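Participant: Protein chains in written order, with my numbering: chain A, 166 to 411; chain B, 381 to 593.
Note that these hints are calculated values from the structure, not bench results.
In this text, all values refer to a predicted model and were calculated from it rather than measured experimentally.
Glycine included, each C-beta is placed from N, C-alpha and C at the ideal position.
Among the hints, a few may not be true.
[Unchecked claim] Covered stretches of chain B (in silico footprint by chain A; criterion: 3 or more residues with CB under 8 Å from a CB of chain A, positions within the stretch not fixed):
id, region
1, 416-424
2, 427-438
3, 444-458
4, 465-472
5, 530-543
6, 551-564
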Amino acid sequence: MSRLHDMGGRFGDGLIPVPRDEKNEVTNFEPTFKHKWHSKAWAITLAAGALGEWNLDISRHYRECLPPKDYINFSYYEKWLAALTNLLIDKKLVSLDELKEYVFAAEKGTLRKFSDKDVKIDQRIWLAKDVQKTLGWGGPSIRDTNVNPVFNIGDKVITQNYNPNKDISGGHTRLPKYAMGRTGVIHSYNNNHVFPDKNAHGLGENPLPLYTVEFKSSELWGELAERQNDSVLLDLWEPYLKLFPN
Amino acid sequence: MSEKKNIIGDHHHPHDHAHSHLPSDPELRVKAVETLLLNKGLIDSKTLDELIDTYENRIGPKNGAKVVAKAWVDPEYKKRLLNDATSAIRELSYQGRQGENMVVVENTPETHNVIVCTLCSCYPWPVLGIPPTWYKSDEYRSRTVREPRKVLLEFGLSLDSKVQVKVWDSTAEIRYLVLPMRPKGTENMDERELAELVTRNSMIGTGLPKEIK
Chain A
166 MSRLHDMGGR FGDGLIPVPR DEKNEVTNFE PTFKHKWHSK AWAITLAAGA LGEWNLDISR
226 HYRECLPPKD YINFSYYEKW LAALTNLLID KKLVSLDELK EYVFAAEKGT LRKFSDKDVK
286 IDQRIWLAKD VQKTLGWGGP SIRDTNVNPV FNIGDKVITQ NYNPNKDISG GHTRLPKYAM
346 GRTGVIHSYN NNHVFPDKNA HGLGENPLPL YTVEFKSSEL WGELAERQND SVLLDLWEPY
406 LKLFPN
Chain B
381 MSEKKNIIGD HHHPHDHAHS HLPSDPELRV KAVETLLLNK GLIDSKTLDE LIDTYENRIG
441 PKNGAKVVAK AWVDPEYKKR LLNDATSAIR ELSYQGRQGE NMVVVENTPE THNVIVCTLC
501 SCYPWPVLGI PPTWYKSDEY RSRTVREPRK VLLEFGLSLD SKVQVKVWDS TAEIRYLVLP
561 MRPKGTENMD ERELAELVTR NSMIGTGLPK EIK
């Protein structure tokens, strides 16, 4: 059971949209943002996120919760904008009536930006002078806790099946469907990190051991594996794993 | 049970979604939300400009290229980079958002590493900037874990069947950077010249550094 965003391994997708130059050779060049509105959708999402009303896991979950037909039809930044809009309403930063008023004005061509003196600045606003400082600090997800890891490097583990999120049915999780119920080996332990399955639902950070787990291609894809000895490594929290029964 | 109240529920009812009220033209859609937030004093237009300028002009694959070139010429740095990438990358003043926990994986004659995020678009911003369109595409996200060799062929990269492919799916807050192999014939090049050879794709694993003609 999964959502559309969880697309690792699925069939049906065509060629990778690799950019090519005029000689039809693969090029590394691509503008950072293809359209002005892409950059705006991205920047207002970051700026609104800085108000502190939601965390990264919540915003990811909002994108995943877009109705399947929208998730499929929307381009990347349309998904961002739709999820942001839903967050703004749910977190009561904006009312639905206000949104409708601005949408109406945008469609009529009567959208008007207030002059600075008419804007009442919110206390939580992210100011331009703080941008570099905030970006430089980032949002570390490691937490100092006294939780000790249960597994050791080299342990054979099996991943949860069906519904990894034990609190919310259809809730946020970072265990992809293609790696559910599969056997892998602990490659490394990476300290304790905020647990998205809870944090995305406002249930607290619950930092837990995070491991990198290596799965053989043959274990994930069976006979379809391109080469048995290739592997896929995933970063997985302890509750996604149990020791492989000997 | 005050916590319960804060649970963000499962969105079962598409008609409840506020986003369905937005205009059909995405440009207008962004304009409407942006203007509303600006007029409510929730965002500052100078902040938006600063953010966009930062990632269009200051933070991008040139940063990662400097990390790679330094690792190629300085064995001690390479050791630090493979042992604790976050600290080693911070030595060059690259740090922060979407690069809080960096891991560098080394390509060798035996192993080729490729980075993907099947669940969204996780990417090491401080060293590579904002991900390219193909990295965020459904095609790359769905296929890379199942058939990495076919995917790499589409990038013009053909791997010997003896080489092991390791695909790193960024499912948590660890961000990966590939350390590609130094091209042959570059023994006399200095760090700055070497950095020019390091392409974005070579640091994701979908390409190799430029070769010396």
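Participant: Is the coverage entry for the region 465-472 of chain B by chain A consistent with the three-residue Cβ rule at 8 Å?
Facilitator: Violated - the region 465-472 of chain B has 0 residues with a Cβ nearer than 8 Å to chain A, which falls short of three.
Participant: Tell me if chain A covers the region 416-424 of chain B under the three-residue, 8 Å CB rule, please?
Facilitator: Coverage by chain A holds for the region 416-424 of chain B (9 residues, Cβ < 8 Å).
Participant: Taking 8 Å as the C-beta cutoff, is the stated coverage of the region 444-458 of chain B by chain A satisfied by three or more residues?
Facilitator: With 0 residues in contact (Cβ-Cβ under 8 Å with chain A), the coverage given for the region 444-458 of chain B is violated.
Participant: Three residues or more, CB to CB closer than 8 Å: is that satisfied between the region 427-438 of chain B and chain A?
Facilitator: holds (count 9)
Participant: Confirm or reject the coverage of the region 551-564 of chain B by chain A under the rule of 3 or more residues with a beta carbon closer than 8 Å to the chain's beta carbons.
Facilitator: Contact hint for the region 551-564 of chain B vs chain A: holds, 4 residues under 8 Å.
Participant: With a cut-off of 8 Å between beta carbons, are at least three residues of the region 530-543 of chain B near chain A?
Facilitator: holds (count 6)
Checked against the numbered hints listed earlier, the structure breaks hints 3, 4; every other hint is satisfied.
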